[in-house]
Amino acid sequence: MKRAFVSALALSTMLFSSPAAFAQELATKDRIGLTNAPKTLTVRLTNDSPNNPDPAIAQGYQKLFVDFIKKHPDWKLQMQFMSADIGTEQAKMLEQAKAGNAPDCAAVDSFVLSQFMVNHVLADFTPYFSKDEVADLFPFIRNGITDKDQAIRAWWWDTDLRVLYRNKSIVPDAPQTWDDLKKAGLASVKEGMEGILFNAARYEGSTFDWLANYWALGGKLVDDSGKPVFGEGENKEKFLKALTYYKDLVDSGAAPKRVTTIGNYDDLNAAAAAGTTALFIGGNWQLAQLKATLDPDEFANWTFSPIPGPTADQRSTGTGGWTIASFSKDKDKVEMCANLARDIYMGPGNALQQQLPTRKSLFDRYDVFATEANKTFAEALANGQARPGAPIYPEISNQIQIMMGDVLSGTKQPEEALNAAFKATMEAYKRL
Amino acid sequence: MTLIAIEAASRPHSRSFMRRFAGAPLPWIMPVIIVIGIFYLYPVIDVFRLSFTNATLIGDNQDYTLASIANMLSSPQLPDILWATFVFVGGSVIGQQILGLAVAVVVVRGEKRGLFGTTILRTTALIAWVVPGIAGGIIWQMLFSEAPYGALNSILRLMHLPTVAWLSDPAIAPWSALISNIWRGTAFSMVVMYAALKAIDSSLYEAAEVDGATGSQQFFFITIPQLRAAILVNMILITIMTLNTFDAIITLTGGGPGRATEVISLYVFNIVFRNYDLSGGSVLSVLMLIISLGLAVVYASFLPKEDER
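So the sequence lines, in the order shown, correspond to chains A and B. Under the working numbering, the first residue of the first sequence is numbered 1, with each subsequent residue one higher. Under the working numbering, the first residue of the second sequence is numbered 1, with each subsequent residue one higher.
If you're looking for bench data, these hints aren't it; they were derived computationally from the structure. A few of these clues could be false.
Each pair of labels, with its calculated beta carbon distance range [as the list claims (entries may be wrong)]: (1) I138(B) with P127(A): 41 to 51 Å; (2) L293(B) with K183(A): 57 to 67 Å; (3) L204(B) with A99(A): 35 to 45 Å; (4) Q78(A) with I138(B): 24 to 34 Å; (5) K198(B) with A274(A): 42 to 52 Å; (6) S169(A) with I138(B): 55 to 65 Å; (7) T119(B) with Q78(A): 38 to 48 Å; (8) L78(B) with K148(A): 33 to 43 Å; (9) P31(B) with T293(A): 40 to 50 Å.
Because the structure is a prediction, the values reported are computed rather than measured. Virtual Cβ for every residue (Gly too), placed ideally from N, Cα, C.
Assemble the whole structure, with the sequences as input and the hints as a guide.
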């Protein structure tokens, strides 16, 4: 009797008097929730999760997940984490989903969402999000997650955009046009810098960052049916104009030829940290990275502005981000996945990682988005454009990457490279 | 019935079972055949099957057709891809073979003379082999970086030499990829050559010395002929390994600039995972298999026959 009393006292002490110990019980490396919980939801996530390499963000996510599972004590989350090779991970998950082996709930990159939609492998989230929540989404986000039957197939919870970063001590005024940027790049070279840096290697970011220039001209990659049109008619002219602009930056020396080897936003941070560049095209999230990397005095020199357009009025910027979607046919699991998207990611996750929300109202709800920088980013979303939700997009991107390398390295002239890219894309389109 | 009684009763039966299959190898190798069949042959057969379809990762329906084979083999990109592959594989095989043999000879000679550092040399070479391809790609990307702080170019600047566009020049990038692959694969060749060098009968060298043969004569008329089998087997192995290498290249250049370093294994990866084209990827995989087997047969034909040894 005495022993039973002591055991009960110890158990109650552990459960009620020590939340930290309880939290540890609930969260292991690959499980959130009690081991013996009757229901299991398999969840596959990126580093936007307790798997984040930044310990503070990882702990923040762990707390969000533990708080979430405490509200759903009958459930446990079986966690799986993706590698950094996102393209391959998403392709594998698509194959798994078609075979019926995909996780119940997973992170799907917004630019491949259409591939999952056309295969009809995504559960319907429509019943689990209110009309107000859906109406509050930015229009490009709402369109991106809605299928042709107007059903919500995923919840797009964060977005981003590209801007021009500059060192004010070397480039005092924000370049407004393509010509301004070229002049600023050449001026920075005179100051001993290596000119404007941007992604131009074989890498999705190279395509996406450059597309802002094409979109600013009003160019389209695909038509309404998803057929590639970038190599025809007016689109071809606009495409060549945007491509020639980049070539001119390199040929004139305003950008170094080594841009064809840059395939990682971290390389741009490295150049800023080394003080070898004063201008680069990067993502909004890099502002926080620069702040963490540079000395405060040095960071104070850095600022950002919208990507210059062909004219000051013609602006565009690429917007991406991640969604949460369910592959399950079990309604309880689909609802649980939708709850996870709402409670962890839609708002708290944005604030934790300072990743831009996809709903206007959330910018006012969290203090982190009240900073001048984040307000400016939010305003810039007005010029945001997402990649087309067409199954052929990954191949269009692949061809643009090849074309970019050929043109900037001087192997091919723009028109020759564009014709080759369009021809290869159309061949791939026919095979899909 | 006692245990002994059971054994006694079953013994004639089991003896006849053993006798029946004693001379027949099939029952004994059947487990191996099943395992190889499931884990090795089935995927190969499925790749052959897929190459005769129009299967994609996106579409549900797949029909049997020869169109995928015709499309892939007539693709205008294929000649450039095959040329990049030929340079990469050929250069890697020659480079790894020569360097591997050189390091092995140095290590064996060093060991014979009890020189300090031979173990360090052997271990250092092996470290490159242990490093995963992706990590090796990152290491070489940092070395070849054309940023003002890039490692190799910084050394060149210190020596007042012109810098090199290691990765951004389409004419130089394939050679940079080749250098990184030779660095990585030399250790494997060294291990094979080291074992073969150790197996050479020392009396051959003693006899040569008595006859007054120089060091280079001993190398070319004793060492190389004695290593013939090892060299050919090594060539088969490193050809196949290099043909399948794409992890180091994808990290180093991603296949760029343009398609300058896109070898066939990386092309297959891109066709399947970027273009979602399963049948196209399968056709190219079969092509890779044919190239590998063809080269292996050519190399094997030069292997010394049993009566030549």
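Kindly confirm whether 40 to 50 Å is satisfied by the beta carbon distance between P31(B) and T293(A).
Because 57 Å falls outside the window, the suggested range is violated.
Take a look at whether the Cβ-Cβ distance between S169(A) and I138(B) falls inside 55 to 65 Å.
32 Å, violated
Between L293(B) and K183(A), does the C-beta distance stay in 57 to 67 Å?
58 Å, holds
Supplied distance hint 35 to 45 Å, evaluated on CB atoms of L204(B) and A99(A):
The hinted range 35 to 45 Å is violated for L204(B) and A99(A), with Cβ atoms some 60 Å apart.
T119(B) and Q78(A), beta-carbon distance inside 38 to 48 Å?
47 Å, holds
Assessment of proposed distance window 42 to 52 Å (beta carbons of K198(B), A274(A)):
The hint (42 to 52 Å, Cβ to Cβ) holds, given that K198(B) and A274(A) are roughly 48 Å apart.
Tell me if the beta carbons of L78(B) and K148(A) are separated by a distance inside 33 to 43 Å.
37 Å, holds
Tell me if the beta carbons of I138(B) and P127(A) are separated by a distance inside 41 to 51 Å.
46 Å, holds
Does the Cβ-Cβ separation between Q78(A) and I138(B) fall within 24 to 34 Å?
31 Å, holds
Taken one by one, the earlier hints fail for this structure at numbers 3, 6, 9, listed in ascending order.
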